[in-house]
Amino acid sequence: MVESVFDYRTSSISRGLQGEESPQPTYKELADSRLNRWDGAVNLFRYDDIVKINRDTTVRGTGGSGVFYLGSERPRIPQDIDGPEHTQWRRLLDPLFSPKQVALLSDDIVRLANELIDGFIADGQVELYSQFCTPLPVAIFLQMMGIPAAGNMAMFMAFKDGTLHPKGETAEELTAYATEAGKPLNAFLRTLFRERRGEEPKNDLIGALMEAEVGGELLTDELLVDIVYELLLAGLDSITSTLSVMISWLARHPDTRARLVADPSLWPAAIEELLRFETPIPAQPRFATEDVDLGDGVVVGKGEPMQVLVAAANMDSTKFENPLTVDIDRPRNAHLAFSSGIHRCLGSHLARLELRLALQEFHRRLPEYRISEGESPVYNNTVIRAATHLPLTFPAAIPAAVRP
Amino acid sequence: VKVTVDFERCAGHARCNAVAPEVYPVDDAGYCAITELTVSAQLEDQAQAGARACPEEAITVTD
Numbered sequence: 001m002v003e004s005v006f007d008y009r010t011s012s013i014s015r016g017l018q019g020e021e022s023p024q025p026t027y028k029e030l031a032d033s034r035l036n037r038w039d040g041a042v043n044l045f046r047y048d049d050i051v052k053i054n055r056d057t058t059v060r061g062t063g064g065s066g067v068f069y070l071g072s073e074r075p076r077i078p079q080d081i082d083g084p085e086h087t088q089w090r091r092l093l094d095p096l097f098s099p100k101q102v103a104l105l106s107d108d109i110v111r112l113a114n115e116l117i118d119g120f121i122a123d124g125q126v127e128l129y130s131q132f133c134t135p136l137p138v139a140i141f142l143q144m145m146g147i148p149a150a151g152n153m154a155m156f157m158a159f160k161d162g163t164l165h166p167k168g169e170t171a172e173e174l175t176a177y178a179t180e181a182g183k184p185l186n187a188f189l190r191t192l193f194r195e196r197r198g199e200e201p202k203n204d205l206i207g208a209l210m211e212a213e214v215g216g217e218l219l220t221d222e223l224l225v226d227i228v229y230e231l232l233l234a235g236l237d238s239i240t241s242t243l244s245v246m247i248s249w250l251a252r253h254p255d256t257r258a259r260l261v262a263d264p265s266l267w268p269a270a271i272e273e274l275l276r277f278e279t280p281i282p283a284q285p286r287f288a289t290e291d292v293d294l295g296d297g298v299v300v301g302k303g304e305p306m307q308v309l310v311a312a313a314n315m316d317s318t319k320f321e322n323p324l325t326v327d328i329d330r331p332r333n334a335h336l337a338f339s340s341g342i343h344r345c346l347g348s349h350l351a352r353l354e355l356r357l358a359l360q361e362f363h364r365r366l367p368e369y370r371i372s373e374g375e376s377p378v379y380n381n382t383v384i385r386a387a388t389h390l391p392l393t394f395p396a397a398i399p400a401a402v403r404p
Numbered sequence: 001v002k003v004t005v006d007f008e009r010c011a012g013h014a015r016c017n018a019v020a021p022e023v024y025p026v027d028d029a030g031y032c033a034i035t036e037l038t039v040s041a042q043l044e045d046q047a048q049a050g051a052r053a054c055p056e057e058a059i060t061v062t063d
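Protein sequence lines, in the order shown, are assigned to chains Z and U.
The opening residue of the first sequence carries number 1 in the working numbering; numbering runs sequentially from there.
The opening residue of the second sequence carries number 1 in the working numbering; numbering runs sequentially from there.
Just chain Z, with the same shape it has in the complex (with noise of 0.2 Å):
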């Protein structure tokens, strides 16, 4: 374990850019610079640099830290874990959120987007953000899961604002509240885990997990838990947070948005170039448990915490053209948004296809669209950068469930 004071939440950058609405002139900067020594910590921003340290075994992720920032009781599963033992437990993992798994959601996903839009196109105006980019990744990820949404939605919305979003100025507050916020879902699936021991298996992920043995021997109930409270902790907010950034930016970019609708099939490339231009995970805790060179005299010196600013990394224009520049043709985009090495986001393959599906829907149904007058979108950039106030306007329609 690294002793260490370093909190990436109380972090100088993760501060100054708080609610900023382009971050990303800043983060080029970063990257133009290559490393600062802030706060305690080493604070990484090539492309580079930030692949090195996460393809290198001796450096820890999020677990090296040795503090339960997000709420968990214990470590996390796979998250705060490295080494074998992740290796063991993406094993488990991945295959359950393989491009072709996660592809059986697809019409589910489209249905529900669907009747999202359904309950506003009529309106000529929306909140964008609590009612369309909160409840459709919430209701397809519980769906996945095997998680009954009704009766606790209210609790599962506590969870990730209070884990995700904790109020309090110093990093101690922030993870007193975290862990405040976390207590009522550990003990949401304690039960859960009792209650489903008790009935006929069922076909969804937790089904899956409680099915699964890992080293000839089923899960204990505790290990479920820390399993699905990082899958909860990582799923409920993150592709909200995307799709409210990448609709916020299209609004504000007509040109791009009449070429997509009058071209979906230039979806997925816009939505890699989004991923990479908004990075809505901008950082990670990273931990040196031996001393790494990265060439050039630069050496993170065994035992110091670092953060690998992957915003910065996609920023670095060693590695993109004009990278600030928006631009859906862009030959090369192998952007970090969903960071890289073992911790690579388990959840990227659903990501992807929720992002398509949802922006693809959205704009068949609304095609013209601007942020309402007088009103700006509302950024928070700490741990996820979201628009967590998106006010739209656009010309009302007729819902289709109504249509003759």
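Just so you know, these hints were derived from the structure itself, not from any lab.
What you are looking at is a predicted structure, and each value in this text was computed from that prediction instead of being measured.
One or more hints might be untrue.
Here are the computed lysine to any residue pairs in the SDA-like style, where the Cα-Cα straight-line distance is at most 20 Å [what the hints assert, rightly or not]: (1) K100/Z / Q48/U; (2) K52/Z / E22/U; (3) K100/Z / T60/U; (4) K319/Z / R9/U; (5) K167/Z / G182/Z; (6) K100/Z / E22/U; (7) K319/Z / Q48/U; (8) K52/Z / N17/U; (9) K2/U / A58/U; (10) K52/Z / E8/U; (11) K52/Z / V298/Z; (12) K2/U / E57/U; (13) K319/Z / E57/U; (14) K100/Z / K319/Z; (15) K52/Z / D6/U; (16) K100/Z / D27/U; (17) K100/Z / I34/U; (18) K100/Z / E57/U; (19) K319/Z / T60/U; (20) K100/Z / R252/Z; (21) K167/Z / P268/Z; (22) K52/Z / I34/U; (23) K183/Z / E172/Z; (24) K319/Z / R55/Z; (25) K100/Z / K2/U; (26) K52/Z / A58/U; (27) K100/Z / A29/U; (28) K28/Z / D48/Z; (29) K183/Z / I147/Z; (30) K183/Z / R194/Z.
Given the coordinates of chain Z, assemble chain U onto it according to the supplied hints.
Same frame as chain Z, but now just chain U:
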């Protein structure tokens, strides 16, 4: 052309498969399912596009 995939580096992004599915199949976990492959000149552009899409720089395409 010859395509080589460094399985140690592959982290299951499946970007190669997304941009060039004919060259890069993925396994049930979403990781690149080939380690070495010779493809016709017709598929060279696709093979190169898959290599460029990989954030791990795990793919090499040689003549």
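Exercise for review: Any hints from earlier that this structure breaks? Give me their numbers in increasing order, please.
Suggested key: 1, 2, 3, 8, 14, 18, 20, 21, 22 and 25
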